[in-house]
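In the order they appear, the protein sequences are chains A and B.
The opening position of the first sequence corresponds to residue 1 in my numbering, with each subsequent residue numbered one higher.
The opening position of the second sequence corresponds to residue 1 in my numbering, with each subsequent residue numbered one higher.
Think of the hints as simulated: they come from the structure by calculation, not from any bench.
Treat the hints with care, since some could be wrong.
Said to hold, decoys possible - Just the calculated beta-carbon pair ranges, DEER-fashion:
#1 B:G97 <-> A:D123: 34 to 42 Å
#2 A:T16 <-> B:V118: 35 to 43 Å
#3 B:V118 <-> A:R147: 27 to 35 Å
#4 B:T76 <-> A:I125: 42 to 50 Å
#5 A:G137 <-> B:Q22: 24 to 32 Å
#6 B:D116 <-> A:H77: 48 to 56 Å
#7 A:G137 <-> B:R18: 19 to 27 Å
#8 B:G46 <-> A:A122: 26 to 34 Å
#9 B:T29 <-> A:I121: 38 to 46 Å
#10 A:H77 <-> B:G27: 24 to 32 Å
#11 B:G46 <-> A:P33: 21 to 29 Å
Said to hold, decoys possible - Chain B side only, calculated, beta carbon under 8 Å to chain A, not exhaustive:
#12 S9
#13 N56
#14 M60
#15 S83
#16 Q84
#17 A85
#18 T86
#19 K104
#20 T107
#21 A108
#22 P117
#23 V118
#24 L119
Backbone N, C-alpha and C fix where the C-beta goes; we use that ideal spot for every residue, glycine too.
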Amino acid sequence: MITTESIGGIAERVLTTFMGWEMQIVESVELDPTNMTIAGSVQIDGPWSGAVVLNCSEPVARHAAAQIGSVDPVTEHHHTVDDAVSELANMIAGNLKASLSETSSLSLPTIATGSNLCVRIADSITIDQAVLQCPKGLLTVTLLERRAVVDV
Amino acid sequence: MKLLIVDDSRAMRMIVQRTLRQAGFRGHTVVEASNGKEALDAIEEGVPDIVLTDWNMPEMTGIELLEAVKQKGIATKVGVVTSQATPEMQQRAADAGALFFLTKPFTADDFKAVLDPVLG
């Protein structure tokens with residue numbers, strides 16, 4: 001592991017503090033990938049290279065946007081919802097980065113939407129993943145590590 | 001007092017405004033910018049008393065904004081509010097004259113602690 005704190009622990013701390021959500025890491029749960037329709041990702045580049053991907057359903061994303069902006073969770077424009085998910089991913093990645101090498105840098109967040117989403121970065125593997133129960137549903141946080149490709 | 005909030009995330013700008021209210025800082029004029037360049041233009045048009053800036057933004061980062069403000073000799077106070085808090089970044093911000101360095105996620109108490117001496 002690249003940090004002593006799990007990615008789930010970081011996410012739980014960030015989201016609890018920031019959103020005021022009561023949430024917990026769930027150990028065994030069956031995720032319906034068709035429900036996880038929005039993903040925010042931020043890449044970390046430096047001596048350690050990888051990405052943080054936050055994936056959730058639209059109700060969870062809309063609830064986050066509503067709570068952040070005091071707006072209607074149903075009618076809120078998708079730009080605000082995307083922005084909220086981006087910022088949550090950014091904060092989790094930023095808190096992770098704080099425990100890494102000082103020379104690391106964060107990318108700007110990117111958003112993907114659709115059904116059966118699987119966000120990857122090239123030459124990476126999943127090294128940590130957590131599922132968190134939020135007020136409006138489940139949220140996953142995945143830590144990807146980029147591995148150097150060796151030609152033989 | 002006039003405050004300028006600089007963040008490329010509209011959501012985060014809203015959170016900062018909400019947290020300022022929760023911390024008891026009401027009645028101030030708050031303006032926004034979505035990157036360092038936009039902020040610098042806004043500062044040159046009318047100098048705010050305090051600038052709260054994110055670090056990682058397109059066009060011009062928060063530290064570049066802070067360094068530009070210092071280089072131009074503009075008399076405003078700048079605080080950095082970022083999710084990335086390495087000692088190196090904090091030192092760079094301090095060297096550039098940052099008033100404070102706050103890490104996201106922050107609370108109303110965090111804002112109160114750093115802003116009370118200026119706005120309280």
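Which hint numbers doesn't this structure obey? 2, 3, 6, 8, 11, 14, 21, 22, 23, 24
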